[in-house]
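*Asks:* What follows is the residue order along each chain.
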Amino acid sequence: MDIVALIEHDRGEAADVSFQALAFAQSLGATAIHAVVVGALSSELTAALGANGATAICHIDGDLTVDYDPEVWGEALAAAVAQVNPQAVVGLATDRSGEVLAHAAAIADAPLAANVTAVTAGADEWAVTRIRWGGALIEEASLNAPVRYLTAAPHVFMPQAGGGTAAVVAVAPIWSATAGRTQIVDRITLASGITLTTAAVVISGGRGVGSPEGFTKLDELAGLISGAVGCSRVVTNAGWRPHSDQVGQTGKRIAPELYIACGISGATQHWVGMMASKKVLAINTDRDANMVNKADYAVIGDLHEILPAISAEIRRRKG
Amino acid sequence: MTLRILVCVKRVPAPGARIVLTADRTEIDAKNLGFAISPHEECGVEAAVQLVEQHGGSTTVLTLGPGEADEQLRYSLSVGADKAVLVPTDGSDWDAQATARALVHAISELEAADGAFDLIVMGNESADSGGFQVGIRVARALGRPIVNGVKGLELDGDAMIARRESANGYEVYRLPLPAMAGVKEGITLPRYPTLPARLKSKKADVPSVAAAKHPGGLTTGHFSNPVEVVTETMVLGTGPAAAPAVVDLLDELGLL
Ligand SMILES: Cc1cc2nc3c(=O)[nH]c(=O)nc-3n(C[C@H](O)[C@H](O)[C@H](O)COP(=O)(O)OP(=O)(O)OC[C@H]3O[C@@H](n4cnc5c(N)ncnc54)[C@H](O)[C@@H]3O)c2cc1C
Ligand SMILES: Nc1ncnc2c1ncn2[C@@H]1O[C@H](COP(=O)(O)O)[C@@H](O)[C@H]1O
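Line by line, the protein sequences give chains A and R.
Taking numbering that gives the first Met the number 0, the leading residue of the first sequence gets 0, the next gets one more, and so forth.
Taking numbering that gives the first Met the number 0, the leading residue of the second sequence gets 0, the next gets one more, and so forth.
There may be inaccurate statements among the hints.
Derived Cβ-Cβ restraints for the label pairs, each shown as a range [what the hints assert, rightly or not]: (1) R:54 / A:225: 40 to 46 Å; (2) A:164 / R:223: 37 to 43 Å; (3) A:143 / R:17: 48 to 54 Å; (4) A:238 / R:199: 21 to 27 Å.
Stretch-level coverage of chain R by chain A, calculated; a stretch enters the list once three of its residues show a Cβ under 8 Å from a Cβ in chain A [stated by the list, open to error]: (5) 52-59; (6) 72-82.
Read the hints as simulated data drawn from the structure, not as lab findings.
Heads up, the beta-carbon is just placed ideally off N, CA and C, and yes, glycines get one too.
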């Protein structure tokens, strides 16, 4: 079975998830894996793709491929598909790979299954398991088409090194008349520090915090233990905190060592954003709140009294 | 130029602590649930309304869904949209290809009647299906450029300027109009409807555009809930008196 796998990179720098697309292709029983690289291809990337299971590299290069462009990448992927004629086209369910696969599937008018976690490849019909509702619901579906497009949920198919080498094959795309009209005109790098996605401890507040001022108690504790402050959607909708602090289905996905949920009830759409946390501590007035039931640890009571007491205790111990 | 913006919104259930399924597991049991506009699109409506407030023009909202989706269309009118159009379904959830084909048909009819839309706003993904594709299929069929993941949207002459998050910051895209954007929650903070606006929206005319169902190749079988890890919750205490126990825990986990 021939499978085409999109490799995500930014101006030649491979994304962490790139090789997961190859692992996904391997899991489908591919006998040949054609890795698609649009734009800059270094000898390091060529070697790494071979080592991670690619048997060939379809390389599309030209004036239009210097920077990322979803339309151009979609057309490039479609050209590779036309050349290889594979049984499936795969990528990762990330912002970029997801949209490029959708472009290629749209060009082919073929079905696309997004956020796939398992596949049973039959002769015609493939049985796929995919994630919906940001992880709160699992769907069993059938995928029926001569060429199947699938994106894998991140971190499900992990690459194993130990492959061989991959030969580079040039693919000459036929660009549409409008290719290149979408352009990246600016890139802004934000100062890095402790962020919601990297912090070991995240202290999150929900409706129970009550006001923007109420968050000073969370900020204070975060400052003492190098944590980051997050929040629920009720909080961003009320304008108490910016949306960039929101955890959940339509916010950030995080996996800290400890997640401290203060005044958060534990709705499904919040839970999917922090369920990968190693440990969860719930602070809530309601002993029966869903968050309390699902947490590893809980303190029952008013967060406005409990958080300052924790901060005071830390100060006392640190001297 | 009078700016014409279209926003495609989907009606989705608003489940609580756990998603409950029907006995045959082919649907979410929505008996006791409220419904909402899928969140990314709700912010998309607000983004469109703000652009129209700034540049003049009008916002149309389009949904493909059951007759009850009238509720989400009227809500959109109550927060500033000027027109709302329903593409009625049989009540089942249409797959992405069928949805895109029907939306393209409806958009073409609307454009034939009143002129092309300069900007079509979609959600990055629908909250319930999470297909991450209907917008891109529609854009390809209409021959318009689209970027997904948009968290900032401006107009600059005959171009759309879209901002989206990247691994370490954000990147800015420029697309010639007419263009499309798949937006994410956070692009705007949706306003709440005022009482007079709500009353007015109840009286508005909400026309329908019929579209045939042409299913694609991905068919839903059944759903299941993810396996839940049952955790024995350890209650560390009640009120501020629990503070020392919490600090002991932080110490134990090496987080102090
Ligand atoms: C499609 C969709 C997507 C969504 N995406 C997200 C998302 O990304 N992130 C998200 O968070 N939500 C999301 N939601 C919303 C979600 O369903 C819930 O409405 C939301 O998470 C509830 O926020 P909350 O827990 O802060 O508020 P509530 O549910 O109102 O809970 C407040 C909690 O605070 C407790 N409390 C009150 N006062 C105190 C006090 N003084 N001290 C201690 N505890 C107190 C209460 O007991 C209660 O448990 C989404 C919803 C939909 C429909
Ligand atoms: N039934 C629908 N009616 C109107 N717009 C829809 C519908 N389904 C999907 N869309 C639009 O397409 C986007 C992507 O949906 P999806 O591909 O299902 O993730 C959504 O955010 C909506 O803007």
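*Asks:* Each hint: holds or not?
*Replies:* The hints, checked one at a time:
1. R:54 / A:225: 40 to 46 Å: Since residue 54 of chain R and residue 225 of chain A have Cβ atoms about 45 Å apart, the given range 40 to 46 Å holds.
2. A:164 / R:223: 37 to 43 Å: Because 41 Å falls inside the window, the suggested range holds.
3. A:143 / R:17: 48 to 54 Å: The hinted range 48 to 54 Å is violated for residue 143 of chain A and residue 17 of chain R, with Cβ atoms some 31 Å apart.
4. A:238 / R:199: 21 to 27 Å: holds, 25 Å
5. 52-59: violated (count 0)
6. 72-82: violated (count 0)
Consistency note: the structure conflicts with the earlier hints numbered 3, 5 and 6.
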